[in-house]
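A.B. asks: Protein sequence lines correspond, in order, to chains U and Y.
The opening residue of the first sequence carries number 2 in our numbering; numbering runs sequentially from there.
The opening residue of the second sequence carries number 2 in our numbering; numbering runs sequentially from there.
Hints may contain errors.
Treat identical chains as interchangeable: a pair holds within one or across any two.
Said to hold, decoys possible - Keeping only pairs whose Cα atoms sit at most 20 Å apart, straight-line, the calculated SDA-like set for lysine to any residue is:
hint, residue 1, residue 2
1, K120, R155
2, K120, R73
3, K82, D29
4, K120, T11
5, K120, E15
6, K82, E154
7, K120, E43
These are computed hints drawn from the structure, not numbers from a lab.
There are 2 protein chains.
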Amino acid sequence: MTIRGLTAGTPLDEPGKIAQIVVPALGDATMRSSLSNGATAELLLGAGAQDDCAAFRLRGDLVLVAGTDYVRGPKFSLYEKGFLSNYDIGWYLAGANISDVAAMGAVPVGLLSVVRYPKSLPDSDFAELIEGIRDGARAVGVLNVGGDIGSAERIILSASAFGVVEPSNLLPRTGARPGQLLCLTGPTGLAGSAMKLANQGEDISGDDYSALLARWQRVSPRVEHGRIFANHPGVTACIDTSDGLKGAIETLARASGMAVDVDEACLPVHDSVRRAAASLNHDALQLVFGDSVDFELVAAIDAEAVTEVARECAESGLELHVIGSIRAGSGAMLSRRGVTTNIPGDVWRHA
Amino acid sequence: MTIRGLTAGTPLDEPGKIAQIVVPALGDATMRSSLSNGATAELLLGAGAQDDCAAFRLRGDLVLVAGTDYVRGPKFSLYEKGFLSNYDIGWYLAGANISDVAAMGAVPVGLLSVVRYPKSLPDSDFAELIEGIRDGARAVGVLNVGGDIGSAERIILSASAFGVVEPSNLLPRTGARPGQLLCLTGPTGLAGSAMKLANQGEDISGDDYSALLARWQRVSPRVEHGRIFANHPGVTACIDTSDGLKGAIETLARASGMAVDVDEACLPVHDSVRRAAASLNHDALQLVFGDSVDFELVAAIDAEAVTEVARECAESGLELHVIGSIRAGSGAMLSRRGVTTNIPGDVWRHA
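Produce the complete structure using the sequences and hints provided.
C.D. replies: Here is the structure:
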C-alpha cells in the first residue's frame, strides 16, 4: 500500500506522521499463530491501537505486552549539563520502558536494551550506564536480559520491555466509562520543572530541588499500582503520564470516546513544583499538567470501587488521588474555583 | 555491584566490553513471576547466555523469545551511497531483527520498531521507510505492532522482534554434540561482497551484482528453516550468520564447547561472490566466511537426521548444505584440498 495525499511541503510533525502515515500503513492488521503443541498467539492490540504497549493473547491464560522507547541521546539536556550521570540515564532507560508495561496492568518480566557509545567513552562510564540499566530494572523485579551494544557517534539508548498479564486484567487506554472516577498515582510536573529550571540556567543539584531531579535519576515505574489496578475489575483503563498529565488525560478521553472533568482542588501538587513555579514565574498548574515525564499512572475506576482500590494502595504504602470524573461526551476540562477552563500546559511533543 | 579491574586507558572493544562489563553485571540473574491465575514466566536464557534472543518459559507450554538489534544509521554506507532506498533500510530493519527469532527456532509474532528521523526528511521518504518495515515483516508473516517514532539529528533505526516456540523445540547456540553435522541454509558472503565492492567505488546497481545488493534490499530471515529445525529432535543448536559465517561457526563451537571441522568442497559459493572476489582480487573464501550479514542459519544436526531434515527443506523449496562436522574439542578449522587451515575471513566487529 502506498500512502496517498502526502504533500512535498514541510514534513508533518510526529502526531501528523502517526495519523497520516503510520496508522494507515500498519493499523488494521490481525494475526494468529499456532504451534505444534496447540499453543497459540493472537494479536490483541497492534500499531493501530496506539496504546502504551502492543498486546498478544497467548494460548488461553496469558497476555504478552511489549513496548519500546528510545531515549534521546544528545537532546538529553540534563545529562549534557552534568545533572545526570551515566548511571542515571541507564536507570532512566529501564524505568521509562518498564512504565509502559506497568500502564497495561502487566507484570514486567524482561528488558532488552540497545546501548550505543562513542568509542572515546571510558569503560568506567560504560559500566556505570549498564549498571544503571540493571539496577533500574531490578528495582521493580525486572531483568535486563540482553540487547545490542556497539559504537556510534554518540550515546544512543533504546530499550524494549515486556510483561505478562491475565487476559481479563489487561488495562487498555480505551476502557473508560461514564460515571467512573479519574485517579492519579502521584504528583506530576516534577520532571518537567527540573528541565525548565535547568534550561533557565538554575543549578538544580541542591537540596531545594532534589525531589525534582530524583524524577530523572531514579524513575520509579508504577508497577505495584498497575498490578493493583489490573487485579480489580472496577479499574478499566490506564495510561502513563510519559507525555505529561494533560497529554495522558486527553489521550485517555479520546481513546475511550469520553469526556473528562478534572477538579483543580483534588490535584496533588508537590512543594518543589510550587517553588519551581515561583522561580519560573509560571502558574504551578502549567507545570503540573505540562510536558513532564513523571511516569505516574492515570486510571479510570468505578466510583463504587475507588475506596477499596485506594485502601489496597494505602496498605502497600502507595498514593492514589481522585482528580476528576468521566462522562459521555468528548474533551477534557478543568474546574478551577468553580470556573470551567481548558486544561493548561503543553503536551510533550517530539516534533 | 561495581565492575572491578577496568583501566583508565583505551576503552575496550565490543567483545571486551561484553566479556568484562556486560556479562559480569547482568549474567547470572534468574527470575520467575506468577500471575493470579497460576500462569508463570521464568527466565531460560538471559544476558549471560549471549544467544540470538533472550528466552522465557511461559506457564508450561510456551517459550517466549525476544531480541533487539540497532541498525546503524550514518554508517549504513550503502544507503548513503544511494544503493539502498528508505524502503530498503526499513525492510532490512525488520528482516535483521526477525532473523534472531528464526535462529531460536521460534515462530516470530511481532516487531516493535524505533524510527527516528531528521525533521527535514520528506514525508514520502518516511512513509517508504515505514512501508519497508511493514512489508519486510509481513513477508514472513510478522506484524509491526508499534514502537517509537520521533525526530533526531539523523535516521536512527532499531527494533525488537519476539516469537513463541514449544519448550522442547527451542534452539540455543549451546546445543551442538559430537558426531553431528554442521548445516547451512544458503550461500554466504553476498552482503559483504556488495559492501566491499561499493567501498572500492564500484557501481553495484547493475545486473551483474543484483544478487549481492538483494541481500541488503530484501533480507529474508530463515523463518521456515528455523521451524523445520525446531520441529525435528535431531536438530539441537542454531545461530544466524549476522556476524558472518566464520563468526557464526566459531560462536556455535565455543558456546557448545565443541570443535567444528568445515569442508571447503561442501560450501555453497554464489557465482556473484566468485565474480566479486575476482574484481576485488580476493580469495572467494574470504568473502564466503567474512563479515557479511546474510542472515542464513547454521545448525547442528544429528547425522542420522540430516537426510530427513534436508528432504523437508527441499519439499518447501529450501536449500540445506552439509558443510562440516562437530567433534569433542575446541576451535573451528577448514579442510581445504586435504590441508587443514584456520578459517579465513574477518568476523564482523562493531569495534
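A.B. asks: Confirm or reject each hint.
C.D. replies: A quick look at each hint next to the structure:
Taking the closest pair of Cα atoms, K120 and R155 come within 20 Å of each other both inside a single copy (8 Å) and across two copies (19 Å). In the homo-oligomer, the alpha carbons of K120 and R73 lie at most 20 Å apart both inside one protomer (19 Å) and across protomers (15 Å), since each shortest distance falls under that limit. Proximity of K82 and D29 under a CA criterion of 20 Å is satisfied in neither setting, with 43 Å inside one chain copy and 35 Å between copies. Taking the closest pair of Cα atoms, K120 and T11 come within 20 Å of each other only across two copies (9 Å); inside a single copy the shortest separation is 36 Å, beyond that limit.
Taking the closest pair of Cα atoms, K120 and E15 come within 20 Å of each other only across two copies (10 Å); inside a single copy the shortest separation is 31 Å, beyond that limit. Proximity of K82 to E154 under the C-alpha cut-off of 20 Å is found in both arrangements, the shortest distances being 19 Å within a copy and 19 Å between copies. For the identical chains of this complex, K120 and E43 are neighbours neither inside a copy (42 Å) nor across copies (36 Å), given an alpha-carbon limit of 20 Å.
The structure does not agree with the numbered hints 3, 7 stated previously, though it agrees with the rest.
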